[in-house]
Amino acid sequence: MSESQATLNKQYQPSVHKQSHARYDQEPIIIAEDVHKWYGHFHALKGINMKVWPGEVIVIFGPSGSGKSTFIRCINRLEEHQKGRIVVDGIELTHDVRNIEAIRREVGMVFQQFNLFPHLTVLENITLAPIHVRKWPKEKAEKIAMELLARVGIPDQAHKYPGQLSGGQQQRVAIARALAMQPKIMLFDEPTSALDPEMIKEVLDVMIELAQSGMTMLVVTHEMGFARAVADRMFFFDKGQVVESGTPEEIFTNPKEERTKQFLAQILH
Amino acid sequence: MSQPASQTSTEALPPPTERYTLWGWVYKTLLTPWYNLLLTVVSLWILVALLKGTIGWALRARWEVIPANIRILMVGSYPAEYVWRVWASIWLVAWVVGFSWGVWVRRRERVAWVLLAVPVVLAVVNRGPARWYWLAALALALVGWAVGRWARPRKGGVWATVQWVLYFPVFVLLVRGWGLPEEPAWKFTVAVQLAVVVASLVAGAWAPRVPWVAVGHLAVLAAGLVLGPPWRGALLIAAVVGFMVWQAARRYAHLAGIKRLALQVTLAYLPLLIFVFFAYEPLSRTWLAKVNSNHWGGLLLNILIAVFGIMFSFPLGVAFALGRRSSLPVVRLFSILYIEFVRGVPFITILFMAQVMFPILLPPEMSIDRVVRAIMGVIMFAAAYMAENVRGGLQAIPKGQYEAAHALGLSATQTMLLIILPQALRNVIPVLVGQFIGLLKDTTLVTIVGLLDILGVAQSVLSNPTWIGTQREVYLFVALLFWVLSYGMSYASRRLEQALGVGQR
Numbered sequence: 001m002s003e004s005q006a007t008l009n010k011q012y013q014p015s016v017h018k019q020s021h022a023r024y025d026q027e028p029i030i031i032a033e034d035v036h037k038w039y040g041h042f043h044a045l046k047g048i049n050m051k052v053w054p055g056e057v058i059v060i061f062g063p064s065g066s067g068k069s070t071f072i073r074c075i076n077r078l079e080e081h082q083k084g085r086i087v088v089d090g091i092e093l094t095h096d097v098r099n100i101e102a103i104r105r106e107v108g109m110v111f112q113q114f115n116l117f118p119h120l121t122v123l124e125n126i127t128l129a130p131i132h133v134r135k136w137p138k139e140k141a142e143k144i145a146m147e148l149l150a151r152v153g154i155p156d157q158a159h160k161y162p163g164q165l166s167g168g169q170q171q172r173v174a175i176a177r178a179l180a181m182q183p184k185i186m187l188f189d190e191p192t193s194a195l196d197p198e199m200i201k202e203v204l205d206v207m208i209e210l211a212q213s214g215m216t217m218l219v220v221t222h223e224m225g226f227a228r229a230v231a232d233r234m235f236f237f238d239k240g241q242v243v244e245s246g247t248p249e250e251i252f253t254n255p256k257e258e259r260t261k262q263f264l265a266q267i268l269h
Numbered sequence: 001m002s003q004p005a006s007q008t009s010t011e012a013l014p015p016p017t018e019r020y021t022l023w024g025w026v027y028k029t030l031l032t033p034w035y036n037l038l039l040t041v042v043s044l045w046i047l048v049a050l051l052k053g054t055i056g057w058a059l060r061a062r063w064e065v066i067p068a069n070i071r072i073l074m075v076g077s078y079p080a081e082y083v084w085r086v087w088a089s090i091w092l093v094a095w096v097v098g099f100s101w102g103v104w105v106r107r108r109e110r111v112a113w114v115l116l117a118v119p120v121v122l123a124v125v126n127r128g129p130a131r132w133y134w135l136a137a138l139a140l141a142l143v144g145w146a147v148g149r150w151a152r153p154r155k156g157g158v159w160a161t162v163q164w165v166l167y168f169p170v171f172v173l174l175v176r177g178w179g180l181p182e183e184p185a186w187k188f189t190v191a192v193q194l195a196v197v198v199a200s201l202v203a204g205a206w207a208p209r210v211p212w213v214a215v216g217h218l219a220v221l222a223a224g225l226v227l228g229p230p231w232r233g234a235l236l237i238a239a240v241v242g243f244m245v246w247q248a249a250r251r252y253a254h255l256a257g258i259k260r261l262a263l264q265v266t267l268a269y270l271p272l273l274i275f276v277f278f279a280y281e282p283l284s285r286t287w288l289a290k291v292n293s294n295h296w297g298g299l300l301l302n303i304l305i306a307v308f309g310i311m312f313s314f315p316l317g318v319a320f321a322l323g324r325r326s327s328l329p330v331v332r333l334f335s336i337l338y339i340e341f342v343r344g345v346p347f348i349t350i351l352f353m354a355q356v357m358f359p360i361l362l363p364p365e366m367s368i369d370r371v372v373r374a375i376m377g378v379i380m381f382a383a384a385y386m387a388e389n390v391r392g393g394l395q396a397i398p399k400g401q402y403e404a405a406h407a408l409g410l411s412a413t414q415t416m417l418l419i420i421l422p423q424a425l426r427n428v429i430p431v432l433v434g435q436f437i438g439l440l441k442d443t444t445l446v447t448i449v450g451l452l453d454i455l456g457v458a459q460s461v462l463s464n465p466t467w468i469g470t471q472r473e474v475y476l477f478v479a480l481l482f483w484v485l486s487y488g489m490s491y492a493s494r495r496l497e498q499a500l501g502v503g504q505r
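Protein sequence lines, in the order shown, are assigned to chains L and D. Counted from 1, the first sequence has number 157 at position 157 by my numbering; the numbering is strictly sequential. Counted from 1, the second sequence has number 214 at position 214 by my numbering; the numbering is strictly sequential.
Only chain D is shown next, with the shape it has when bound in the complex (with noise of 0.2 Å):
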């Protein structure tokens, strides 16, 4: 559509627009002038040259390796009676992703189907009864779907946030087990803290202005130490919970649905006490009987310890980025020397401390498990570079913004939690996943302290004579697996970036 180009009117044009056929592009661009057809032909001879060897190797590969040792790549040592556990997380998972793209994003998107395409190609990809577990997956996932459509968006969006946040407990809970107290008398203990955190929340849901409930929780305190073990321990948990509970209770008591909350919380006293005194100790006996951390392994070892690092090296992170801006020295001087400490040292070596160091730390009647250790050094290092990326986030804040916040009568911690990190979080999302993906790759390093995660996995089927040769494969494979890991973090992350408008406003 061109206009007469001697037309001076004020009227708007539309842009000059270009289009091709294809023919038209392939000419264009590869065929002419004589040099771009030159380069076309050698790259297509370097292309053939490579894709020859990579092809010829792919078809004559003993793939049969992956499939072989499937179960051990993906979940180590782990018991094979209790991998229902395992499968039971990922449809817990597919259920709460359908769940909350039905209330979140409502509609159909591009990305909803290939989230969809990933059950759909592992019960493609998978023989016997994984695909039927990965049908499964589907199929609630869209059950998901379509009750998060149907439930009404504000609700619907509570209920989601619920199950995110207690998946993660739920999660660990069915991958651990549980193992039974060595004291006989944990179910009493037990429940008297119950009623402790339930009273409390009580009281300061329908009395936030009496203040003299925290008489009552010296009491339990007080009644704990005249006691003696096991109530002492017990009641000072109990204590300190229940002030807690009380005093978030009593500061968000205006708000509409605190006090429905806190009667909900004590109707499900009675079926906790039941589930307490009669059900937990089958259960743990049978189904949830306790699988210890030395059997976890596999892909799943690198998913819990990637998912433990990044859940709470990113508070720690917010925590060390803001101790380090204090005005308060000590707190400064501490955030500094840590920060610049664990940066200054190699993972591997935070790895090993981590090994041989709590053990020393802590007092020698609490004994962590090594997969607790390498997580709590995965923390540690992880903690101290989310500090610094956090930092520069909030130093890009400009002035003003405190400023207006403090004008309007807001205290530094509305400021910092209203106004401050929504920004400087929003502004650092790029370089943050790029650090979550970082740690997930460097998941794999503590082979080097003698866990079998996946590589460590890969290793010890390598050297099994049945299968000495097939370094190629299962590498390969490992590498896929990353792959699609970190690229799925990744897209999450830009589409993450486009709703929350990063650099648009």
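Just chain L, with the same shape it has in the complex (with noise of 0.2 Å):
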């Protein structure tokens, strides 16, 4: 056993028996082809290549800076790209504000921040979207979003408001809100950076939940107990570009590169 492997063990260690969901033998459900991004004279992605094939989880890390949430916040087009093309579920994002719709309503997005609607319930928060963007009568959205409440372990707070809740349930009701819209992939943007430790197990676990039932996931994290219980892949993010990517045998038992190894033995010191 490996240095790291040995520290890797003090950390989260998620009692799972990991198994693949993913469907190699589908088209890739995303496909980023030679993604650029700047901001200003800031290149902040330089041709960046992914594809993401069905029930994959793929865990991004990367120091930050790196162009990592960049990349995801492309996905979704809350960041427009300036070069090259990203295909999702067979719609290429452009202009097209209804292309950029419909991916939307397919891909869940959960941030750092929460961002819950803080004048709405919970229950409010979850069913907003299903109400009026899927256009769902309410008992149904309602009905559904008592079911995912129940799902993450909160269905007692459904009728409180977001700013009376801890952190941790706010980002499982964070998980409800986008699983409500049921897309077909789920966007993670550093879910837990913002949380108490002993938080973060409780949103780790809903997300291996997840993970096992076959979710597409995409998730930016420095939690690597939760990258080797889970991912199928790992991407190394440095400067914009992708470093390295494998599995996480691959990245956490023989890092090929070296500003892989000094970030992982950073991290996970």
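Hints in this document: simulated from the structure, not taken from any laboratory.
Once the Cα atoms are required to be at most 30 Å apart in a straight line, the calculated DSSO-like pairs of lysine-lysine come out as:
no.: 1; chain 1: L; residue 1: K160; chain 2: L; residue 2: K143
no.: 2; chain 1: L; residue 1: K46; chain 2: L; residue 2: K261
no.: 3; chain 1: L; residue 1: K239; chain 2: D; residue 2: K399
no.: 4; chain 1: L; residue 1: K138; chain 2: D; residue 2: K155
no.: 5; chain 1: D; residue 1: K399; chain 2: L; residue 2: K83
no.: 6; chain 1: L; residue 1: K160; chain 2: D; residue 2: K399
no.: 7; chain 1: D; residue 1: K28; chain 2: D; residue 2: K52
no.: 8; chain 1: D; residue 1: K399; chain 2: L; residue 2: K46
no.: 9; chain 1: D; residue 1: K155; chain 2: L; residue 2: K135
no.: 10; chain 1: L; residue 1: K51; chain 2: L; residue 2: K261
no.: 11; chain 1: L; residue 1: K143; chain 2: L; residue 2: K201
no.: 12; chain 1: D; residue 1: K259; chain 2: L; residue 2: K135
no.: 13; chain 1: L; residue 1: K140; chain 2: L; residue 2: K184
no.: 14; chain 1: L; residue 1: K239; chain 2: L; residue 2: K46
no.: 15; chain 1: L; residue 1: K135; chain 2: D; residue 2: K399
no.: 16; chain 1: D; residue 1: K259; chain 2: D; residue 2: K187
no.: 17; chain 1: L; residue 1: K83; chain 2: L; residue 2: K239
no.: 18; chain 1: D; residue 1: K399; chain 2: L; residue 2: K138
no.: 19; chain 1: D; residue 1: K399; chain 2: L; residue 2: K201
no.: 20; chain 1: L; residue 1: K184; chain 2: L; residue 2: K83
no.: 21; chain 1: L; residue 1: K184; chain 2: L; residue 2: K160
no.: 22; chain 1: L; residue 1: K184; chain 2: D; residue 2: K399
no.: 23; chain 1: L; residue 1: K256; chain 2: L; residue 2: K51
no.: 24; chain 1: L; residue 1: K46; chain 2: L; residue 2: K83
no.: 25; chain 1: L; residue 1: K184; chain 2: L; residue 2: K18
no.: 26; chain 1: D; residue 1: K155; chain 2: L; residue 2: K140
no.: 27; chain 1: L; residue 1: K160; chain 2: D; residue 2: K155
no.: 28; chain 1: L; residue 1: K140; chain 2: L; residue 2: K160
no.: 29; chain 1: L; residue 1: K140; chain 2: D; residue 2: K259
no.: 30; chain 1: D; residue 1: K259; chain 2: L; residue 2: K143
no.: 31; chain 1: L; residue 1: K143; chain 2: D; residue 2: K155
no.: 32; chain 1: L; residue 1: K261; chain 2: L; residue 2: K18
no.: 33; chain 1: L; residue 1: K239; chain 2: L; residue 2: K51
no.: 34; chain 1: D; residue 1: K155; chain 2: D; residue 2: K259
no.: 35; chain 1: D; residue 1: K259; chain 2: L; residue 2: K138
If you only want the chain L side, here are some residues facing chain D, beta carbon under 7 Å, derived:
no.: 36; residue: N76
no.: 37; residue: L78
no.: 38; residue: R105
no.: 39; residue: V133
Predicted model, so just to flag it, every value in this text is computed and none were measured. Backbone N, C-alpha and C fix where the C-beta goes; we use that ideal spot for every residue, glycine too.
Given two chains presented individually in distinct reference frames, assemble the corresponding complex, making use of the accompanying hints.
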């Protein structure tokens, strides 16, 4: 057992039997080809290539400012890429607003800062998009919302406001809110970075359960315990580029690039 | 309940409490030590010196000036035989407030007693028939409350909203009355207009997926062009309104109640026709005869201007606030120019300009009267300030709220209406209500352009030889009225903030 493996064991340790749900026989659900992004003169993404197959769990990690958040925010067009192409579920992201809205209906997102709607109750947060975007009747939306709240373990908080919940509970509501649209893909942008250590576990448990149900997930995180438990592939970003990618075994036990080794040593010390 | 100081257990302790008797409080804060005693004596002396003169004056003042002129102070030169219409609008608002209270609040809170005290106090203060009219308002409020309590919450809520929406047109209708259209064929044009609108509603609700209904609207438009006046204008309006109703009905056709609503409106068409053909003309000659706006005056005029100013400047202000943040350069530039222009000009200048400029801007056959011009000036002025206040609220919403809404697939309009505006407006309630209060008080400035609002009436009363030297009484009365109205608004806004949990969630 390598040194990083040993320290990994001290971290978050989900007790799951690892089992991949990736369906590599199908067409890729996300295709990113030579994606570039500039903020003014700053070159934030320098030609990212990535293919994600249905059911895959992808973990993206890297130092801050490496472009990992920017990249997953390009997938549902919260950021606009300026060169290259991104195809999600057969629809290419262009300036066409209808394409963007169609993709956003199929792609759920969970943010670092939760971004719940503070003026709505937990239940209203979850049912809002199904009622107004999917045009479901209120009763159906509420029934599904209650099932999702039970799934993330907080069915008794439905009528509270987000401000009355703990950080971990808020993030679980945010996951339920994204799942209520019944998306094909879930994006997680550092979902546990704003949480107290005690609350990280409850959110990761929900995410692991989600991964095991066969959801396609792109997760930006430094929770290497989570990555080892459920990730199919990992991507290491640095300075707007993919430095290295591979299975968790390859990355943890035998990283090829010096930069990857350095970074892993830092976060797993 | 003090615990021994040495106790080190981890059990929760009650917070320390300090209790005073009244005498204890007086002794501790007013009488000891010696400098507090000195301050108390000096303060009492100043208070007595100030109050002695005031109370002496109040006892000797000629308060009879108020009851003698109460009617013109309240409604100006509004014809005496139609004043009952103003009373009717007060009774209606008493009913609607009572009903909404029963539906939405349901409990007997302290505020309810404050609200009920208004007609009670007014009934006690007034003499003659006015006393009975206020008691009638009180009775209607109580009946409305009982009916609201008895109604089922959900249905009652819909009814309360409908009543509030209907109240303002009905209020204007009662105060203004009806004029007879000059065009002799008006009954037929109105009947056709109503038919087009009803048909559009039914088509949109029952067959939302049929797009060629729009051809019908074009046909109505074409028919109007062929037939010439008076049908041209009438059918143009019918086609435009019909098209909008049709689109709205299509859009909400998935909602449960829309088909039933279309059916109800269709059934209401026949009674409406009977009304237009047989009831409208007699009513407009007798009970509901038109009272021209140059007869509107007194507090009624202030309230009318304030109500319209608030109702129209608010949406307009929100629109300008959004326009100023728009990504479309033309919209943004226009909003900025408008806001900065209006804010750079004194209110009185705008009032004068509204009087002299609108007649130039509008075609000569369209004349709008002085009151409407003043109201438009107030709306223009208030909208610019409203826009900046709302913009402040919009800027306080974090970017993450937009991102979360977009990520869920909400459109830009839905994001604005469902996520951003509710939060932004809730945050600026205190500022907006402050502006509404200012607007109410600023309505007295219309005196300057020659309208007889309560201040104008007060001045004309004071120039009457009988009442010379009663400035103090009259202006104090006016001040008291405005204080009651403004404080009522401020109180209501604080209750609203509590109900919406401002600052808590």
